Amino acid sequence: VQLQASGGGLVQSGGSLRLSCAASGSIFSNKNMGWYRQAPGKKRELVALISSGGSTSYLDSVKGRFTISRDNGKNMVYLQMNSLKPEDTAVYYCNVKYLEDSELKDYWGQGTQVTVSS
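Heads up: the sequence shown runs through residues 126 to 243, numbered per our numbering.
A portion of the hints provided could be inaccurate.
The calculated lysine to any residue pairs, modelled on SDA-like cross-linking and capped at a C-alpha distance of 25 Å, are [stated by the list, open to error]:
#1 Lys199 <-> Tyr232
#2 Lys210 <-> Ser242
#3 Lys210 <-> Gly150
#4 Lys230 <-> Gly134
#5 Lys167 <-> Asn207
#6 Lys188 <-> Leu229
No wet-lab data here; the hints were simulated from the structure.
The structure displayed is predicted, hence computed values, not measured ones.
Build out the structure end to end from the sequences listed, making use of the hints.
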């Protein structure tokens with residue numbers, strides 16, 4: 126399984142970015158996918174999650190600003206980030222977790238840097 130994240134960059138406060146995660150090596154349409162972030166000196170946190178059925182959940186601080194979506198035909202997961210704030214600055218990672226033969230599989234992309242300037 127490989128996850129390749131892209132789309133990060135430097136943006137001014139109030140701006141937008143769209144992160145993409147390309148997944149390969151397994152069937153992903155039946156798996157929950159997530160975006161996490163980790164800021165310097167802080168723990169990694171779950172930002173958004175999308176289930177195999179398309180249900181979504183978000184970190185409280187990004188609700189109404191971020192939207193997670195998926196394209197199962199292309200094995201892609203996206204994170205549209207609007208109204209960005211300096212506190213959104215972090216490395217963003219895509220993730221997939223699932224059980225296979227009763228073993229938890231946990232895969233991460235390489236991360237993409239998002240920097241929001243004030």
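How the hints compare with the structure:
Pair hint Lys199 plus Tyr232 holds up; C-alpha atoms about 18 Å apart against a cutoff of 25 Å. At roughly 8 Å between alpha-carbon atoms, Lys210 and Ser242 fall within 25 Å of each other, so this suggested pair holds. For the proposed pair Lys210 and Gly150, the alpha carbon gap of about 34 Å is over 25 Å, so the pair is violated. Our distance criterion of 25 Å between C-alpha atoms is broken by Lys230 and Gly134, whose separation comes to about 29 Å.
At most 25 Å may separate the alpha-carbon atoms for a hinted pair to count; Lys167 and Asn207 meet this at roughly 22 Å. Using a Cα cut-off of 25 Å, the hinted pair Lys188 and Leu229 is violated, with the two alpha carbons roughly 28 Å apart.
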